[in-house]
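Protein chains: 2
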Amino acid sequence: ILLRIKPATRTLWLLVLVSLPVCISVCRASSPQEDSAMENIVTEKKAEESHRQDSADLLIFILLLTLTILTIWLFKHRRFRFLHETGLAMIYGLIVGVILRYGIHVPRDVSNITLNCQVNASPATLLVNVSGKFYEYTLKGEINANEVNDVQDNEMLRKVTFDPEVFFNILLPPIIFHAGYSLKRRHFFRNMGSILAYAFLGTVISCFIIGLLMYGCVTLMKQVGQLGGDFFFTDCLFFGAIVSATDPVTVLAIFNELQVDVDLYALLFGESVLNDAVAVVLSSSIVAYQPEGDNSHTFEVMALLKSFGIFLGVFSGSFALGVATGIVTALISFFLRDFQLLETALFFLMSWSTFLLAEACGFTGVVAVLFCGITQAHYTYNNLSPESQDRTKQLFELLNFLAENFIFSYMGLTLFTFQNHVFNPMFIVGAFVALFIGRAANIYPLSFLLNLGRRNKIRSNFQHMMMFAGLRGAMTFALSIRDTATYARQMMFSTTLLVVFFTVWICGGGTTQMLSCQRIRVGVDSDQDNSVMLSVFVQISVGEGSERRSTKQESAWLFRIWYNFDHNYLKPILTHSGPPLTATLPPCCGPLARFLTSPQAFENECQLKDDDSDLILRDGDISLTYGDITVSTDASGAHTSGGLAFAGASTSDDLDRELAYGDHELVMRGTRLVLPMDDSEPSFTEPHHRMRM
Amino acid sequence: ILLRIKPATRTLWLLVLVSLPVCISVCRASSPQEDSAMENIVTEKKAEESHRQDSADLLIFILLLTLTILTIWLFKHRRFRFLHETGLAMIYGLIVGVILRYGIHVPRDVSNITLNCQVNASPATLLVNVSGKFYEYTLKGEINANEVNDVQDNEMLRKVTFDPEVFFNILLPPIIFHAGYSLKRRHFFRNMGSILAYAFLGTVISCFIIGLLMYGCVTLMKQVGQLGGDFFFTDCLFFGAIVSATDPVTVLAIFNELQVDVDLYALLFGESVLNDAVAVVLSSSIVAYQPEGDNSHTFEVMALLKSFGIFLGVFSGSFALGVATGIVTALISFFLRDFQLLETALFFLMSWSTFLLAEACGFTGVVAVLFCGITQAHYTYNNLSPESQDRTKQLFELLNFLAENFIFSYMGLTLFTFQNHVFNPMFIVGAFVALFIGRAANIYPLSFLLNLGRRNKIRSNFQHMMMFAGLRGAMTFALSIRDTATYARQMMFSTTLLVVFFTVWICGGGTTQMLSCQRIRVGVDSDQDNSVMLSVFVQISVGEGSERRSTKQESAWLFRIWYNFDHNYLKPILTHSGPPLTATLPPCCGPLARFLTSPQAFENECQLKDDDSDLILRDGDISLTYGDITVSTDASGAHTSGGLAFAGASTSDDLDRELAYGDHELVMRGTRLVLPMDDSEPSFTEPHHRMRM
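Going down the list, the protein sequences come from chains X and C.
Under my numbering, the residues of the first sequence are numbered 1 to 693, in order.
Under my numbering, the residues of the second sequence are numbered 1 to 693, in order.
Some hints could be false.
Pairs involving identical chains hold if they fit within one copy or between any two copies, as the list cannot separate such chains.
[To be verified] In the DSS-like style, the derived pairs of lysine-lysine whose C-alpha atoms are separated by at most 30 Å in a straight line are:
1. Lys46 to Lys306
2. Lys306 to Lys457
3. Lys306 to Lys45
4. Lys222 to Lys76
5. Lys45 to Lys457
6. Lys457 to Lys46
7. Lys76 to Lys46
8. Lys76 to Lys45
9. Lys76 to Lys457
It should be emphasised that the hints constitute simulated quantities derived from the structure, not laboratory data.
All of these numbers come straight from a predicted model, not from anything done at the bench.
With these hints in hand, go ahead and build the complete structure from the sequences.
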């Protein structure tokens with residue numbers, strides 16, 4: 001790789017700053033025609049050089065990613081688990097960053113002239129009249145005044161710096177969409193209440209705790225004289241918001257590999273997916289906090305209310321938009337079977353248009369895309385042909401992989417190539433302490449409260465693990481690099497980088513140690529709900545009936561209502577799965593129901609086709625409700641009858657009991673035949689291979 | 001769709017041209033702090049508005065594509081073949097273009113001020129000092145002097161105009177790569193000589209014929225006074241080069257659907273893929289033709305030789321680079337099995353880096369990508385796991401579909417939104433005539449010459465069909481929109497657009513009529529080589545032996561040498577398929593051969609694993625050569641022994657004879673069991689579906 005970087009630097013292209021002698025009298029000796037021809041050639045050459053440089057820059061990243069992939073392959077091959085691909089990408093990025101920063105010195109170009117164009121505004125587009133010809137320039141950004149002089153030295157570093165909006169508009173959306181699209185696990189829905197609590201309440205708590213602590217830290221710094229610029233309370237809150245977005249991708253990868261407890265996995269994954277959305281909207285509402293009047297950093301109730309309104313408005317708007325597009329896609333794909341390419345293309349385009357539509361409407365595209373992904377997984381996925389299901393999964397898996405590793409390697413690179421780092425030891429130490437306290441204030445109190453209501457308690461070792469798995473990643477980085485104009489933001493950005501490095505390497509690398517230290521069981525049979533099956537066994541042997549009532553009361557009533565509505569009405573309308581509407585709607589709506597029900601749904605009546613009936617495992621309860629309406633609606637066939645037998649199956653705290661049953665493996669195998677298949681990640685287990693070339 | 005465009009225009013953002021009073025005395029009343037804060041807010045708002053506008057613009061295209069997909073689905077459903085998806089995309093683009101152009105009028109912004117910054121050069125980057133703050137601007141392009149005044153009205157139209165380089169650097173590469181990656185059909189290799197002749201010789205002939213005719217036309221126009229600007233001979237040649245790139249995607253889609261003769265398909269597809277590469281390099285060499293001295297448009301031998309050198313250098317450089325990256329990928333993927341995601345990601349990244357590397361080195365990325373695709377298909381594909389084979393195929397299929405339809409819908413749009421159209425009736429008529437003559441001068445003489453050498457003659461109805469199928473498409477458009485600065489280029493661009501529209505709609509739409517008119521057989525059993533199998537039958541009944549010698553002489557000796565080398569050495573080294581090296585290398589190289597041979601290759605000895613042994617169908621010849629080296633090398637097992645029986649099987653001109661054998665269907669079925677599977681497009685025939693959610 002080091003050898004390959006050479007051409008990138010060889011073809012290095014220097015910024016030519018042309019002097020503008022203010023009030024120059026145009027002095028040109030040669031004929032205009034020839035001159036313009038020469039000028040055209042010069043311009044073309046410049047553009048070509050610039051294009052070559054851009055290609056070389058991008059090539060660096062592509063080769064970095066390639067190198068990461070090769071090393072990862074080696075690691076996977078040797079079952080080396082201390083370093084995740086993202087951590088590795090960062091290391092390679094760091095190395096390249098060091099080389100670019102210290103290894104390469106560009107000789108000064110003598111022909112450079114500096115231009116100082118005195119204008120009284122900075123429009124986004126500038127028209128420049130060069131000897132009668134008009135050239136259009138677009139605003140790239142502001143440059144620090146003290147950097148203008150050594151712009152030349154930094155030019156190469158600035159060249160490998162991407163527009164921060166690239167992260168938000170190109171790299172993050174596929175990552176977030178993929179997270180939403182792969183969220184469709186029954187364990188997520190089973191733990192939905194807790195996940196929502198951690199993601200919403202927890203993120204807000206964490207944001208404000210960190211914000212307050214940092215404000216204390218900053219005030220202290222000001223008094224000690226360590227602060228080199230303004231740092232307002234809103235800045236502290238903003239910092240709290242951006243570092244509250246957790247991204248335990250490293251931890252989850254290890255969880256997946258070691259088959260750690262599924263509930264813990266669901267809690268962590270669900271929290272990290274949703275708190276990204278909360279953090280984005282929260283940070284943008286904090287930025288929008290603008291009290292009127294002269295001093296723009298005082299407390300003002302109206303401005304606070306406005307910010308709160310923005311939070312609610314943007315979040316619900318993005319949510320609604322994402323869900324709406326998902327539903328539209330589901331309806332379209334309802335009809336669009338048989339043409340896989342068209343299906344996949346439509347799926348991709350509709351998901352992308354969610355992002356664009358949200359951005360164009362002033363909502364947050366990333367949030368919209370997340371909820372669009374969840375909706376697509378819930379409805380559209382069922383309408384796709386099996387091939388398209390694979391295709392879409394694989395497509396977004398690939399995009400996610402590439403975007404994630406790109407971001408992490410860029411993070412490593414930018415630690416050395418970013419121009420305006422402000423490393424303040426006191427701020428950094430303060431931030432780490434605040435982060436720790438903020439995470440603790442999120443996990444432990446909420447877990448305590450949730451445990452009051454949960455039957456399947458979140459045990460203390462799970463809580464410690466969740467505390468430990470509060471890694472920061474792509475979203476935190478993207479939020480912090482978005483605006484690095486002020487001193488406060490620069491300090492935040494530098495600190496954020498260190499936080500990401502520390503958590504990904506140390507916490508990510510120590511996951512296996514932490515798991516064994518907390519004595520968290522590994523090797524749980526993938527996503528198959530071991531504990532439920534065990535508890536079924538327990539129930540059957542202990543005798544059912546007595547516990548049914550209590551379970552029914554404990555499962556969230558709101559969620560049960562939603563599930564019924566979704567299963568009886570939305571699923572049949574939007575997808576080919578689920579029971580026919582004629583069975584679920586009251587008899588008076590007969591014609592309407594027949595009109596809306598797809599032919600496939602009637603076929604479903606006989607056989608188990610509803611892939612989502614495993615969404616909730618305690619569906620003994622649901623089949624009861626469902627059974628009230630009509631007797632013949634038992635769409636999930638064998639499954640529901642199995643579910644009835646399971647009624648009241650308590651989902652956990654049997655984890656310790658399981659060892660008492662030596663023959664549980666046998667029961668599990670027996671039960672698995674009844675339970676529907678799992679929605680694990682596509683397990684590419686050798687589809688019958690027809691295409692040979 | 002029409003309703004949805006509204007927000008795009010509502011959020012319209014106008015270019016603010018700020019006056020630069022040269023030598024202004026900076027007059028600012030308010031405090032600098034507050035002022036800069038206000039300025040920041042204004043800048044942020046502007047940036048946000050601009051971002052929203054960009055999102056809305058992109059959304060238009062995404063919705064256009066969505067609409068195209070839905071309509072195409074309808075067409076496919078109803079088996080409506082007169083309009084291909086690309087033609088449809090153009091129509092939708094046209095409609096939206098008309099609306100944008102005539103339907104929407106932006107009210108004039110009164111606050112606009114015009115800036116005239118007198119600078120004596122147009123650097124790619126401009127630093128502007130706005131009241132002490134430095135802003136960086138990047139060059140976007142030149143604006144016509146007469147447009148500066150009504151820049152405002154056109155702003156919206158210019159907003160939906162993409163940077164022409166987007167086509168070359170983002171949209172074309174996946175299209176071209178996909179073409180190369182799906183070129184791996186044995187019929188392509190069987191007709192390789194003819195395809196190369198059409199693509200190289202034909203394109204050069206066509207380019208020069210069209211160039212000369214257009215020069216005549218332009219000279220005439222000048223005398224009549226119809227010409228409004230300069231139009232040099234190099235411009236004419238350039239026009240000839242860009243319109244020589246054929247793109248019969250519409251025709252090929254119909255061929256595929258109707259199962260037209262495979263040789264005709266291979267000839268057309270192969271020609272269109274390769275002549276794109278030739279046209280790109282040819283046009284860039286013509287642009288590079290720069291005689292020294294004052295008059296830059298005279299004839300000069302040195303400049304001509306230099307251009308010729310550039311053509312050879314760039315083409316061979318791009319070719320070498322593409323092949324090299326393909327081989328590197330093959331070598332890497334040799335080891336990288338078992339991790340499908342990593343495999344696919346690596347494949348994608350390596351293919352992309354080919355493009356970037358070529359661009360960074362000054363070669364042509366598109367050409368490199370084409371040959372990279374062909375190499376990947378030939379070697380890397382065999383090393384991929386079956387899942388990755390599917391994944392990569394599907395990925396590039398999707399990218400190709402999206403990019404192609406995007407380009408065509410943009411073409412439709414740009415007919416109305418492009419600002420500098422120059423429609424000159426005389427030039428347009430001349431261009432159509434020249435195109436017709438140029439295509440004829442390519443097809444008919446070359447076919448005559450090729451028929452002298454070909455056993456399987458290209459019959460006259462095939463020639464007419466090839467003549468008819470000379471559609472122009474994405475490549476021609478991308479080449480012509482790349483530079484629209486001068487009058488000549490603008491006229492070329494407008495004319496090219498009309499040429500694309502005409503050929504895609506008229507020629508594309510008339511394909512089925514033309515097929516029946518030329519009495520070209522349809523419904524040939526897909527890619528199964530019907531004619532060969534029939535001829536085998538013929539040979540067997542007629543008796544073999546007598547014809548073997550003549551066939552051996554007729555098949556291209558150069559190609560035979562290459563095939564032997566490839567099959568015996570390259571394939572075993574680079575892929576898991578092919579015979580083991582120990583068998584093909586001379587005994588003295590034993591240890592080296594054992595070192596280089598993969599374990600799989602030894603397994604291959606027993607069973608047929610070489611998916612490419614069907615590359616050449618007359619491999620009776622090859623197995624003879626091959627048999628000379630060692631007796632036990634018969635890697636392709638049953639197939640080769642079948643092939644020996646087929647020796648001398650003349651591949652065609654039995655097409656008419658076939659009807660004489662009523663029972664040929666039976667023979668075909670019998671033979672097909674022996675022949676290896678075909679490399680048709682991935683036929684997604686229900687892989688065993690394991691993943692359910």
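Hints, one by one, checked against the model:
1. Taking CA atoms no more than 30 Å apart as the test, Lys46 paired with Lys306 passes between copies only; the shortest distance there is 21 Å, against 49 Å inside one copy.
2. For the identical chains of this complex, Lys306 and Lys457 are neighbours neither inside a copy (38 Å) nor across copies (79 Å), given an alpha-carbon limit of 30 Å.
3. Taking identical chains as interchangeable, the C-alpha atoms of Lys306 and Lys45 lie at most 30 Å apart only when they sit on different chains, with a minimum of 17 Å there against 52 Å within one chain.
4. With identical chains, the CA atoms of Lys222 and Lys76 are never at most 30 Å apart, being 48 Å at best within one copy and 70 Å at best between copies.
5. Taking the shortest Cα distances, Lys45 and Lys457 never come within 30 Å of each other, neither inside one copy (68 Å) nor across copies (48 Å).
6. Taking the shortest Cα distances, Lys457 and Lys46 never come within 30 Å of each other, neither inside one copy (65 Å) nor across copies (50 Å).
7. Within a single copy, Lys76 and Lys46 get their C-alpha atoms no closer than 45 Å, and across copies no closer than 48 Å, so neither meets the 30 Å cut-off.
8. For the homomeric pair Lys76 and Lys45, neither the shortest alpha-carbon distance inside one copy (46 Å) nor that between copies (47 Å) is at most 30 Å.
9. In this homomeric assembly, Lys76 and Lys457 never come within 30 Å of each other (Cα to Cα): the closest approach is 34 Å inside a single copy and 55 Å across copies.
The structure shown violates the earlier hints numbered 2, 4, 5, 6, 7, 8 and 9.
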